[in-house]
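Quick mapping for you: the protein sequence lines, in order, are chains A and B.
For the first sequence, my numbering begins at 1 and goes up steadily by one.
For the second sequence, my numbering begins at 1001 and goes up steadily by one.
Since the hints were derived computationally from the structure, they do not count as laboratory data.
None of the values given here were measured: they were computed from a predicted structure.
All C-beta atoms in this analysis are idealised placements derived from N, C-alpha and C, irrespective of residue type, glycine included.
It cannot be assumed that every hint is accurate.
Stated by the list, open to error - Facing chain B, according to a computed beta carbon distance under 10 angstroms, are these residues of chain A, among others:
1. G11
2. L64
3. T68
4. I71
5. P103
6. F218
7. V225
8. I226
9. L270
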Amino acid sequence: MTRSWRGPGLGAPALALPALGLLASVVYPLALTAPTALGGGAPGRVFATSWFQAAALHTATIALAATTGCILLALMLGLVFAFLPFPGAGLVSRAIDTVIALPTFLVALAFTFFYGSAGVVNEALMALLHTDIAPLAFLYTKWGVIMIEITVYTPFVLRPLLAAFAQIDPAQLEMASSLGAGPWRIVRGIILPAALPALLAGGSLCLLLTVNEFGVLFFIGARGVITLPLLIYDKAIQEFDYPAACAVALANVALSLSLFALYRAVLRRLAADADV
Amino acid sequence: MTTLFAGRETRPVRFALWGAAWLLLLVFYAGPLLLIVLASFAGQWNGALPSHLTWRHYGQALTGDQAGSLWASLATGMIASTAALALGTTAALALRGARPAWQRIGSLAFYLPSAVPTVSVGLGLLVAYSRRPVLLNGTVAIVVLAHLAIVSAFAFGAVQAGLARLPPEYEDVAAGLGARRFYLLRRVTLPLLAPYLGAAFNLAFALSMGELAATIMVYPPGWVTMPISIFALTDRGDTFEGAALTVILAAATLLVLGGVARVVARAGGRARKDRRAR
């Protein structure tokens, strides 16, 4: 992360233009969020309400559950891709990687056609069970949101994980195997410790991204599942309550920046460990 | 590299593990993503699968109220990504010669916006540019500014990562032969950097095409980007048209990314040939 990128460059005066862009697009707008929130006396009013606390709780539980899911799914898929690849596994792994380039709401919409109340899975189950009630009703709850976010953010763990797996010396695995270690022992004793840095880095990035996720929740519109980003939209655009929206935004930005600090700390720690 | 079982796994074990992986891939990826493509072609869909297929939704998605949204998205993406690339490259090159402490502070400042929730960026722009001294609310400029805010950090990060990977020998040799700084930057550094600049633009453009959270806070009625159009369609029940427009959005994004990658690869090849010829 802190690898040197020194060399011949433009002088400091060239910073003026990018700094102006940063100022106009991010700093000035965010700087005005605070006085707007404080001017309305909003933080005190907002943070004590049950709807704000419910949104904060939803944000945290969804982000933690989705991140855990991402780590587990990436581990399971990564182990098969790297150590027991089926024909075409490389192609499948690259295809999953392109999901990073797609907008998150695309995955949410795709899920409605598969798991929605009129989706393929439910229609097939209804025909099979001779019933008119859709048997799978999880999509429009927080479980549906969590599952979609797992699909969206798993590539962010899988990519560094496969890179870490590629670094493992096959001779080490063969040695362990010839000494009589079973596959589980090898996974626990050699592969998982080697993958831990990638899991930590990918996992903390997932946590940051899931806390700020908007598109998935907006498209699924799960009843009663309001997170902080969704609450900001509701307050500002539906209720025109800018002070309240700004107060929620302050909380969301603070949470997000703390997670970013955590992510950077994990990366720095790992880089330091790698240097030793 | 089937070393986990040292090639001694029995066939039932291998097929059981493959079966589990395939099931996970189907449940999380293949099933939903294939279905959205199928839905975009669905003529009538009452049972488990559509009864017949049609191109109709694509026609409607590109001619109805949404006709302008492909253009709005492409234009916003191109302007914001080009600006982000120019600003990000300038910032990375300007910081490159600075002292380490300034480098750290500078790169943190340019990279930090990537950690700010995008809805909050949208809200901030809405609040800041709905009042004096600068009134931009209701204009296209505020949408472009929102996209610029969101993609700039990623473009900067990609250029900086590229600079860290440049082999230093070429620049050292050119400097040793007495090349002036701007000549060196133009003839050595930037050609070497070209693939990373392409990657930075790709990333910025892909993010901009799919941007929803900040755009929905600030967009004026006449400049509806594709993600917002798609939401409007699905929200009023035109789900197949929404699926068609989503597939167009994904295809357009991947197409532009592929095209840019080819151009950069060719430029890189030419630069290498130039150097060899000289």
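Notebook entry, point to check: If you take the shortest Cβ to Cβ gap from A:T68 to chain B, is it below 10 angstroms?
Noted result: Violated, about 15 angstroms.
Checklist line | Hinted contact A:L64 with chain B - closest CB pair below 10 angstroms | finding: 17 angstroms, violated
Next item on the list: Closer than 10 angstroms between Cβ atoms is the bar; does A:I226 clear it against chain B? Give me holds or violated.
Entry: 13 angstroms, violated
Checklist line | Restraint outcome when A:V225 is required to lie within 10 angstroms of chain B by C-beta distance | finding: 16 angstroms, violated
Check: Per the CB criterion, is A:L270 less than 10 angstroms away from chain B?
Finding: 16 angstroms, violated
Notebook entry, point to check: Given A:P103 as an interface hint, is the shortest Cβ-Cβ distance to chain B below 10 angstroms?
Noted result: Holds. Min distance 3 angstroms.
Checklist line | Interface hint outcome for A:I71 [beta carbon to chain B under 10 angstroms] | finding: 14 angstroms, violated
Notebook entry, point to check: Quick one, is the A:F218 hint okay against chain B at 10 angstroms, beta carbons?
Noted result: 7 angstroms, holds
Margin query: Checking hints one by one. Is A:G11 an interface residue toward chain B, by the C-beta closer than 10 angstroms rule?
Written below: The hint holds - A:G11 has a Cβ within 10 angstroms of chain B, the shortest such distance being about 7 angstroms.
Hints 2, 3, 4, 7, 8, 9 from the list above are not met by this structure, while the remaining hints are.
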